[in-house]
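Chemist: Sequence:
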Amino acid sequence: MSKQFDVVVIGAGPGGYIAAIRAAQLGMNVACIDEAQNAQGGAAPGGTCTNVGCIPSKALLQSSEHFEHAQLHFDEHGISTGKVAIDVSKMIARKDAIVKQNNDGILYLFKKNKVTFFHGRGAFSKAVEGGYEIQVTGKNAETLLAKQVIVATGSNARPLPGVEFDEQQILSNDGALAVNAVPKKLGVIGSGVIGLEMGSVWRRLGADVTVLEGMPTFLAAVDEQVAKEAKKAFDKQGLKIELGVKIGDIKKSKKGVTVAYTNAKGEAVNLAVDKLIVSIGRVPNTNGLNAEAVGLQLDERGAIVVNDLCQTNLPGVWAVGDVVRGPMLAHKAEEEGVAVAERMAGQHGHVNFNTIPWVIYTSPEIAWVGRTEQQLKADGVKYKAGSFPFLANGRARALGDTTGFVKFLADAATDEILGVHMVGPMVSELISEAVVAMEFKASAEDIARICHAHPSLSEATKEAALAVDKRTLNF
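Its first residue numbered 83, the sequence shown is counted upward by one per residue in this note's numbering.
Hints are computed from structural coordinates only; laboratory data are not their basis. Heads up, a few of these hints could be off.
Here are the simulated DSSO-like cross-link-like pairs (lysine-lysine), alpha carbons at most 30 Å apart as the crow flies [said to hold, decoys possible]:
id: 1; residue 1: Lys459; residue 2: Lys523
id: 2; residue 1: Lys337; residue 2: Lys347
id: 3; residue 1: Lys267; residue 2: Lys336
id: 4; residue 1: Lys140; residue 2: Lys182
id: 5; residue 1: Lys193; residue 2: Lys229
id: 6; residue 1: Lys172; residue 2: Lys196
Generate coordinates for the entire structure from the input sequences, incorporating the hints supplied.
Modeler: Below, the structure written as structure tokens:
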């Protein structure tokens, strides 16, 4: 006999589990389906973010930062440690434990909010009167009837044409997070978020890392001034980044992987590495959804077509997160999930794409929100710019990390903040002040007049806002 629900959510990543919980909080009878499983075969909700993305990568970044600090910087503080070694298996076990804590936390929240969870793959079966029939396949097959459906099936790593991931030598983000020993030589194709973060982890632990990027410019989506500062820091650290390359044949052998490519000068190069991470983007995951059974519209990329409200072409079917248009960011998916649940309840869910922050958790960290200076110039927008270096910030000096700066872009006439761009220590946290300010249409002067704690890194945001009008408090 079919089990009936007001809402069935397919996928328990950041968009799906948040949508399910919010819908339940608003009084709906909700089910959530997810097929991810841990090494023991148990449920592992949380999607790419929790299992093979945001959370585990930050765990490894933290471990590798500690290792590098102990090796290179403890002596500056008068701390003697002797010879420092890394136990990679223990580091990976810590990462796995953190992932499981997050998995269990989501299952707890489902129980607390009375969301019925089904461990298996969810797919459309057919449209029925008043809703849709959803099949759950797995250890325990189920048939669910849903008045409304939210599809939140996320995305998958994009492979190079003709080069499949084996997760042993040619790695997606999944395999890059499970390497069991530090490779002597590591290749990375793609200098985006995943490539830079994973390249940074293994470089800190001793790998010789080469990053190959097809674009002629580094981090083309980032403010140019920030990208140049970050590139300078990565070069100094020993992260080898080659731009404007054309990838040729990739061959595997018992010894490793060989990548043939043409560099920016047109020269033919062969790069021999122990392991190769391919991070050239992600593709929407609609595999096995059986969209054709109900006529759910997909675009040429395989993404589900939605309007501004995340409604599909089918009545009562919504989609959020990586499986639809827009940036593939966990927090974007969460915002859409909450908004859809509230719209179902007759409320006015809100997502402002202009104030979604972006962060790259390298060292230095890179964070931004709003438009870049290049975009403002291209659009013919008259603006004012102000920046302030962490080199002149007391807290940054005390931390021993003065790389980078904060940059404000404001409308030349109204002073409204149009974009904020940061590179430096802990800017993943500092960027939130700019997001709040932009959401409430604040001016640069508003930030400049707010009292910031001293000493704090956030004083750099105040100084950058002051600099928009060529002022400073940093005597």
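Chemist: Which hints, by number, does the structure contradict?
Modeler: Failing hint: just 6.
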